[in-house]
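*Asks:* Note that the protein sequences, when read in sequence, are chains H and P. All the letters of the first sequence, read from the start, carry residue numbers 5 to 693 under our numbering. All the letters of the second sequence, read from the start, carry residue numbers 1337 to 1767 under our numbering.
Treat the hints as calculated values from the structure; they're not laboratory data. Treat the hints with caution; some may be incorrect.
To be verified - Have a look at the derived ranges for each label pair, beta carbon to beta carbon:
(1) H/A665 / P/E1557: 35 to 41 Å
(2) P/G1613 / H/P446: 42 to 48 Å
(3) P/P1556 / H/R661: 39 to 45 Å
Built from N, CA and C at the ideal position, the CB exists for glycine as well.
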Amino acid sequence: MANRIFIPTCDPIYLMKQTSLVFAAVLLLSLCSHTGAATESTLDRLIPGLSAENPQDRFAPQMELQDLAAKACRPGAESEREELAKALATKVTDATVRQPARVWMVRQLEICGGKESVDALAQLLSGPDRELAETARRALEKNPTTSAGRVLLAALEKDDSPDWQIGIIHSLGQRKEGRAVELIAVTLDRQEAQTSFVAAQALGRIATTAAVKALWKSYGVNQADAAAGLLVAAEELLSDGHKGDAKKILERLHRESKTATIQSSALILLAKADPKGSRKLIPTALSSAHPKLRTAARDAAQIAFGPDLQSALLEMFSKLSPEGKIVIMEAFDRSAERLVIDACSDPNESVRFAAIETLGRIGGESSVSLLLDIAAAGTPPGALKATTALARLPGSGTDTALLRQVSSGNPKVRATAIRGLADRNYYASLPVLIKCAADPEPAISSAALLAVGKLGADSELEELLRLTVTRGGEAAESALERVVLRTTDKNAAARKLVSATTTAAPDRLGVLYGNLALLDAKEAMDALNRAARSNDDEVREPAVRALAGSPHFSAIEPILNVAAGSTVKKVHNALLLQAVARLVRASDEVPPERRIKASLSALKAAQRSEEQTLALSALASVTDPAAAMAIQPFLRDPILKYDAGLAAVTLAERLSRSHKASARDLARAIKQAGLPEDVTRKADAILRQ
Amino acid sequence: MKRPTIKRRDFLRSTLFATAVAPFLPSVVPPTVFGQNAPSNRIALGLIGMGLMMSGHHRGMLGRDDVQVLAVCDVYRDRRERAKAQTEQVYSERKTRGDWKGCEAYNDYERIMERDDIDAVFIVTPDHWHAIMSIAAMRSGKDVYVQKPMTLTVREGRAMSEAARQTGAILQVGSQQRSERAFRKACEMVRNGWIGKIHTIYTQLGEFPLPQTLPEEPVPEGFDYDRWLGPTPWYPYNAKRVLGNYGGGWRCFWEYGSRKNGDWGAHHFDIIQWALGMDHSGAVRYFPKGFEGAKYQSHVYADGTRVWKNHPVRDGHMIQFVGETGEVMVSRGDRLDTIPATLKDRPLSPSDIHLYESSHHEGNWLECIRTRRQPICPPEIGHRTATICHLNGIAERLNRPIQWDPVKEQIIGDEYASRWLDRPRRTPFVI
Chain H
5 MANRIFIPTC DPIYLMKQTS LVFAAVLLLS LCSHTGAATE STLDRLIPGL SAENPQDRFA
65 PQMELQDLAA KACRPGAESE REELAKALAT KVTDATVRQP ARVWMVRQLE ICGGKESVDA
125 LAQLLSGPDR ELAETARRAL EKNPTTSAGR VLLAALEKDD SPDWQIGIIH SLGQRKEGRA
185 VELIAVTLDR QEAQTSFVAA QALGRIATTA AVKALWKSYG VNQADAAAGL LVAAEELLSD
245 GHKGDAKKIL ERLHRESKTA TIQSSALILL AKADPKGSRK LIPTALSSAH PKLRTAARDA
305 AQIAFGPDLQ SALLEMFSKL SPEGKIVIME AFDRSAERLV IDACSDPNES VRFAAIETLG
365 RIGGESSVSL LLDIAAAGTP PGALKATTAL ARLPGSGTDT ALLRQVSSGN PKVRATAIRG
425 LADRNYYASL PVLIKCAADP EPAISSAALL AVGKLGADSE LEELLRLTVT RGGEAAESAL
485 ERVVLRTTDK NAAARKLVSA TTTAAPDRLG VLYGNLALLD AKEAMDALNR AARSNDDEVR
545 EPAVRALAGS PHFSAIEPIL NVAAGSTVKK VHNALLLQAV ARLVRASDEV PPERRIKASL
605 SALKAAQRSE EQTLALSALA SVTDPAAAMA IQPFLRDPIL KYDAGLAAVT LAERLSRSHK
665 ASARDLARAI KQAGLPEDVT RKADAILRQ
Chain P
1337 MKRPTIKRRD FLRSTLFATA VAPFLPSVVP PTVFGQNAPS NRIALGLIGM GLMMSGHHRG
1397 MLGRDDVQVL AVCDVYRDRR ERAKAQTEQV YSERKTRGDW KGCEAYNDYE RIMERDDIDA
1457 VFIVTPDHWH AIMSIAAMRS GKDVYVQKPM TLTVREGRAM SEAARQTGAI LQVGSQQRSE
1517 RAFRKACEMV RNGWIGKIHT IYTQLGEFPL PQTLPEEPVP EGFDYDRWLG PTPWYPYNAK
1577 RVLGNYGGGW RCFWEYGSRK NGDWGAHHFD IIQWALGMDH SGAVRYFPKG FEGAKYQSHV
1637 YADGTRVWKN HPVRDGHMIQ FVGETGEVMV SRGDRLDTIP ATLKDRPLSP SDIHLYESSH
1697 HEGNWLECIR TRRQPICPPE IGHRTATICH LNGIAERLNR PIQWDPVKEQ IIGDEYASRW
1757 LDRPRRTPFV I
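For reference, chain P alone in the conformation it holds in the complex (with noise of 0.2 Å):
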């Protein structure tokens, strides 16, 4: 067989492996042994979608020594001139240095998918692009950090995963209560049973307002509204619908998400997934509320185990899981309280399970980039976490109980239901 090329990405990896540790390189060979900092080592970005929540990202890549900034992307023309102005600043000494050759603004993510110098992508968008760009930058040999939930349908979900493990490709996804000790520490107390066998979980996701049909107003200037609709179906613009604020815009829409079953859901009910042991798999019934005169919505576990959506959760916590023998409240900030107390502060033992350990979301994914070991949330762990935000979706839109196979990856007995699990795209945004 003839050997291939081999790209400056390939090369990179290679090199680390040649020379380095493969597993866990970062933690315990400085940088300055192989030259990990040096420009031809950085790992090269481009970054999609610059609004508030790549706000962070960008910040947090352009502090560090390892990456470099090589294109950003937006629909908006200010925000991507923007960032490239920003970036430039920061790395107005690596240009002097010819470290680096400056920083391209593109509209169309397709741009960055072309270039070869650039090895992985941030894709932080509303939910109805995430698929859609990330199998493109798999395919094209990128790795990905996509910001939760994974996917706006259950199949794509599907397609996400196949993709990355196809194509070898390390994929993160944004679900970053992962990478707290809190949470960890929750998830490994019920996975090793100390509050016996759980039966009930609540969880507080809040509520976001209706949404509305908006009347039409002028697209800004600089502003490419069609792409940023995408493959979601046409509606006139009006500002309130594209806004990526938490209070409403985009976020309130179906056409864009699963509302809060997809927004908080996607972190609380990953967490949930974790703790119970089921990242493979998922809950088997997902019933509205209102359904049999329930106060709140609910998903059910094959062992009966329940959770429960926004009912209250003891002490304001945002999770609370129920065991026959204690409880375990965890919440962001680092808060963990347990029923009995002492719990939290019981350390565990090497036959305890112990759950992947991340302190940081971003790095991590970074590491694995270099190790080519797989991330704390990998696609297969966020389409499952999807799904569960999907069919909770499905079942508050249809208002009434969803049946679900998980292994099959199937809507059991409900043939108009099963057309929800993918949505058709608008032309010319299909693939």
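Excised from the complex, chain H in its bound form (with noise of 0.2 Å):
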């Protein structure tokens, strides 16, 4: 540098570059300057509303400001923030502003301030004003500036009330502040609590050896304190790399600490700092007598041995005591069936009945045959435990396991099997339980009888309706409804129960029709009709009460039918016209005029005045203009209009809600109607609305 030596020259090219340079750098500090001072201008603007008097008018200015720290400190703009914080700086000192102006802007530096802003903030930490100095102070400790730093040591030296040093500690430990343990080591053992456990917390931020030695010192004084805070420490140590440093602390702890909780943590985290060192403490802590430490013990050995634990917890576990094993049960993968399932036999109960649900989780085919065992014993809870297991049994081999076990042996093991296939929704065993459900053996029978119930459909429905027509029975016919429901070709279903009703006792046929009414397909229907209009009393009478506990809208034709029909008796014409009411009202999905039309046929065909009542209070549930016009005439009946008045009203109220002048056209046909006052004092109110 020295034997350089500037020549200047007149070149005008090279002039002309320096002479632009000079202009691109005299508009940059222009531009800068004109920013700060837009900036500036722009705090200006903000701060009378930020101090307004009126706390509700600071609102909208607080959040201007907010939203232009948020936007000057996004990436790649450091000027920008540079600025604002240099200009908030300058004015959260100015005596000028308000107080509650300066506090917001505080708040702004604590999200946006560098070191810009540390003489600022330094002034208000020790100004006479506490909430500018508390906000000061959390916006200290989220500046990263080593400047700030000092600024909060030099706080904490000043100032010795407790609630404001509790503040001051806990920023330097969250800075993590070496130069401050000398200071903060002093308050450790201070007799308010709370101030030695954030100086103890701060400490072990800090982390550094002066820290960890005060900790330490302070451990035979306040060992609860200090024992957190050097829990704290060693996790700083930890996530820093010093794995030897934290192994000390925490192989010390472990020792000499006599809470559960202190001793549980630092386990865990000396698996972490030394897991091959802490494999030997694991297994005393598995068997201790506090369940917490049990729990811990479990977690740090996923940690020690990592990739290994399988083998290492197999090894332990029969120098376990009852307590240890259980826990351990849930760290096992499916390399431990074979010895869980010798854990099924093992003294303690707790351990066995652990044992059967961890078979759950990871068994296999290989546990099949002993859980089916305990299932069919029928001792509560293990029966219980051991059919949850075999539902949840993983394993390729495990349902055919399982369906190995239905064809032969003992009835109750078989009948087990059978439930387990359900359980577990295995459709592939469908041809062997159905064939099961033919079985003499009553348990084994009524088993697969619920598991064809729970999983079968149109293939099983003609063997199904084969049993039930032959044997009947109650778990044949709940069967037989269930695959009936489920079945997806519901006219081939409709066609095989029609079929039925040919060889069946007429003890059975009630339960057919009743099936045919499930099914919302029309050969179902076309069929129930025909039947229900039988000369045949055994055939009619099952037909007509099954047509009229159907679920389907599709059953109103053939119902209104033979309702209509001549030779009807009084007792199967209220029946369906019941059904037809019913139907009406439950049926929002079908469109308003086929439900008119329905109601309007069940008051033609119904032969006594209950069921008129019935429809016309049907067709009042269906809210539409056009059941309005529909009921006015009844209006006019002299036999009817009462009760048609009090349909109207039902339907009139309804109508209010979505359709007003149709509601109010039916409110004064009801007035105009010649009504009782009871009525008409409704249509007035209707009328009012």
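Can you join these two chains into the complex? Each is in its own frame, and there are hints to help.
*Replies:* The structure is reproduced here in structure tokens:
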């Protein structure tokens, strides 16, 4: 450098280049100063609002400033951020600016402040306004510069009021200020419990040799706080890669602490710091009397043994206490199946139960036979646990192993295997299950019928029908109903049911027609229509009752056909028209005109006034202007006018929420019908609305 | 090594372990077998925060034979006294029998932490107290049920999760939708790939009114406002600030939560995490409303799955999962719909993924206190869900996208946004 001599030149190109550079620099400076001025003027504009007398008026400028700060500290806008932080730093120390505005601006420095704001924050920290000072402390805590730490340290030296010190000590800890150890250590054994706790935590965060030493020194006096601080220090050291230092702390803590919480924390961290060294501590901890220590030991084992976990756990299993065995079974994987099967015979009942449940998670084909025996024995609670385990048992060969057990052997075991297949939703077992449904052994056939009812569909229908027709029984009927509902080809199912009616004994016809009525299919309804008009009482009676119980609107047509027949019995007419009323009310998804038509047909077909009233009330359940029109003629009927009036009031009330004009027209018609006062009063109320 | 002294609650647990089945105990062993409901074996509870949300928990606990409430705590004198009186009325028979000695009412939660005869606590305060109280409870040897969202900041969540792991505490986060059948079933359908690969998720969180800068009002007699504010910045008292209702109150203010992100978000984002199998991870990018013209706020997972907040959801549902071959819609009240419609009735087979099953969120927690198994919503899961809430909040407040590394738990390439991962606390409520 010393040998270089600057020689002016007259080269025009060189001069031009230099001039441009100077010009650019001047432009940049002026731009910066302009930006700075603009920022300052924005703040000047916002400050009156930020300190407005009415706090509610402060909100909009507060949000504007907050957005400004958020935007200024976006990536790649460092000069903009610095400019804003500088301007804010100037304003927060300006005594002419009112306090609420200054507090809000300091809060923005917490978000965007850097070195340019430290002096201003220092001034506020030592100032008389406690709120400003506290806000400044928080901003300094977040400020990444070393000078911010120095300011906080100086503040700790100056002020010893406990509440204030707690904040400063905490901030120094958060910042990991190594320089603060000596001062913080003094407060470790303070009488104010919170100060000593915060000091221990702060020293733990700082985690230098001196900080750890101070914590150990305090350990003899204030063990709880110091131990908590030492755990924090160990965590910090671990995350910084100083495993050896962390290990020393943790070994001693684990050895000397008498608290289960500290011991368990130390053990878990030790497993991270020294996986191999911590292994020897795990068996003892697993057999501890403290449940938390046992849980921690299991978690520590997962860390300490890593990929060797399973072999390590298998090796230590037999040496553990029953409690220890139970805890580590939760960490077992598939490789432990053999050992867990053996544990199902452990002398300790709790271990046995835990083993059964563990098999449900990790077991496979080899566990099937044992679990079936336990479940079939039926001794609670083991049987229930084994049943649950069978339903969940993973492993590809499990289903086929269960299926093998269905074919022969102890009936209880076979029935249990059948239930297991159903619980596992093993559809491939259906051919076997449907065969078992015909088994002479009642335990097996009822288990199989339950299973077929759960899993079966179209393919099982025919055989199930045969069983129902030939053997009957509640289990078969229940299975048939569930399978009929699940069939996909409803017309084909209807044909099978109809065909079964041709050979079935009369006492089975009720079940068959009942199932036909469950099918929402044309062929089913046609068949019911025919049967319900049969001259044979033994056919007609169950068919009419089945039709009346149908849950489908598609049954309306055959129902009305039968109900309107000239030879229909009065009781059948009543049953069928009650069904019409029910279906009209419940079928919101059906177009209004079809529901209205059905109600009017029912009204016409009714042989008793009770069913006429029901039909009118069904008509009133159709919230549509067309229903209002349809009901009006009955208001003039000398016999039906009162019931029609009541139904019309209900309908008008419903319509008033969606079709006001129609509701008004209907209410007027009710008023004009010359009905009793209780009805017209309601119509008046609707008109007033 | 000298054998440690066993406290009452440890005795309670070790006795149970020695005599009963560890996992799934209450499901199969009648309480009478082990005298679980005997006075000395009841789980002793402390309840903190006796406001609106606690009323259900309080009633629920008072109706159970296997627990007993020993203390209540609230910064409102009237509330805590009322809760104490209610507890004493319900337990009057136990008191006469000598099974129960009475319920204490405290202003300061620390009094509950100091009591060795209390096994577990409910923490049902505003969000800004959740982490401080939960960590104190776990460090004092207690198990914890904490309302959602688990935390106020991302860093608090990591600390809580670590504390639970180290202390062996059973902590349940109150994201109770996990204990509802329809939500579990929806998640199982998604997890088992029944609607193909998920690419889009819509969820409805609603909106709170904007927070306000409120005029100062006199602090009501018997209300410890300074403690209510706790670690958050000081503001003059106004009843609207501290109100615990759903239309406004403290839930509107960023100081005490993440607004709707942490309110309904803590429920629905939680279910989305569960369904996607992301319980130990999270989304990687967060976009504010308006970014590149977007009409709705969103976040995106590493595989490209995008979650839209407040986008209309089919049939008024709360969450809608859209996959390549179908859709799953789910809401509270056991509402579950699928496209194709038959999916929702399809049973799981053993080879399918079965998710953790709980039918009662509080009951699951109490069961796990006895068995020492992990509850359905442990702190690591609660932390990951809350992280999504908070990062959405940060993106919204900074009005710029945030990129997140869920492994290192760091915001990528935005130094100043990273400052929002934790909030400095007001003295003396710093820890």
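*Asks:* Taking each numbered hint in turn, which are not upheld by the structure, reported in ascending numerical order?
*Replies:* Structure breaks hint 1 only.
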